[in-house]
Amino acid sequence: MEKRMVTGILVFSLLAVFFFFSIFQLHPFGEPGQVQMDDYIITHTQNETGTNNGVTSVVFDYRGFDTLGEATILFSAVAGVLLIFRRVRH
Amino acid sequence: MTKIVRTTANILFPFTLIFGLYVIAHGHLTPGGGFQGGAIVASGCALLLVAYGSPWMFNCIKDTRLATFESLGAIGFITIAFLGLVFSAVFFGNFLTGSGSLFGTTPATGSTLSDFNTGGVLPLMNFAVGVKVIAGLFVIVLVMAYASSSKEWD
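Residue numbers (my numbering), protein chains in the order written: chain A, -15 to 74; chain B, 3 to 156.
Bound conformation, chain A alone:
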């Protein structure tokens, strides 16, 4: 038990030091590094998809496969819940 505790404390402090020093390597807030994709979507979303809401155009048009996966997750969740909580018809 003692040995496990010492190992745990060692690993924890190592990780803490690692994360603490990685804070200073973070990118500054509000200054994204790669802005080509953002600029393209902001400039072209009204011409290409005809929407004023850029977020919806990304979700349903540019990244449609993501939404398909999301819908699949919801579908399988509903199927699982209905399978578990299925009631016997009286």
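Mixed in with the good hints there might be a few duds.
[Claimed, not checked] Here are a few chain A residues that face chain B, going by a calculated C-beta distance under 10 angstroms:
id, residue
1, T27
2, N31
3, E32
4, N36
5, N37
6, Y46
7, T51
FYI, nobody ran anything at the bench for these hints, they're computed from the structure. Yeah, the Cβ is synthetic: ideal placement off N, Cα and C, and Gly gets one too.
Based on the hints, put chain B in the right spot on chain A.
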């Protein structure tokens, strides 16, 4: 629940419904969309469920019917995606935008007044996903409430 809770739920339910349907219908113009508006409508239905109890709710609508609606929403969503493959040669292609027909107007570039008749297939997809999320979330809440309330559940 008591009469106070039921009266409050009666008053709040229509407004929740209208707000959720507004968020779904204006998904291509204002923040929100099918998922968010569907969650709002489903929580309004869950309010009625809490106020009146799950046996009463089962008399109003069956869980199998809700599951059917959920599947219909998913089928509509995938159908629109495959229509994009047929008409614009790209899966999830936006074949209605700029065509001048339904939802086919292209808005002026820049910050302009929103026109409802824009967006191509995005409003249709929002509608399909909205139906799917309403039925899906509500049937989850409904069957769980019924299972936890009934004593002879097997």
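Evaluation of the provided hints:
Among the interface hints, the one on T27(A) holds; its C-beta lies about 8 angstroms from the nearest C-beta in chain B, closer than the 10 angstroms criterion. Look at N31(A): its Cβ gets to within about 7 angstroms of chain B, closer than 10 angstroms, so that hint holds up. Interface hint status for E32(A): upheld, as the beta-carbon distance to the closest one in chain B is roughly 7 angstroms, under 10 angstroms. Taking 10 angstroms as the C-beta cut-off, the interface hint given for N36(A) holds, the closest approach to chain B being about 5 angstroms.
Interface restraint check for N37(A): the shortest CB-CB distance to chain B comes to about 5 angstroms, inside 10 angstroms, so the restraint holds. The beta carbon of Y46(A) is positioned within 10 angstroms of a beta carbon in chain B (closest approach about 9 angstroms), and the interface hint is therefore held. About 7 angstroms separates the beta-carbon of T51(A) from the nearest beta-carbon of chain B, less than 10 angstroms, and the hint is met.
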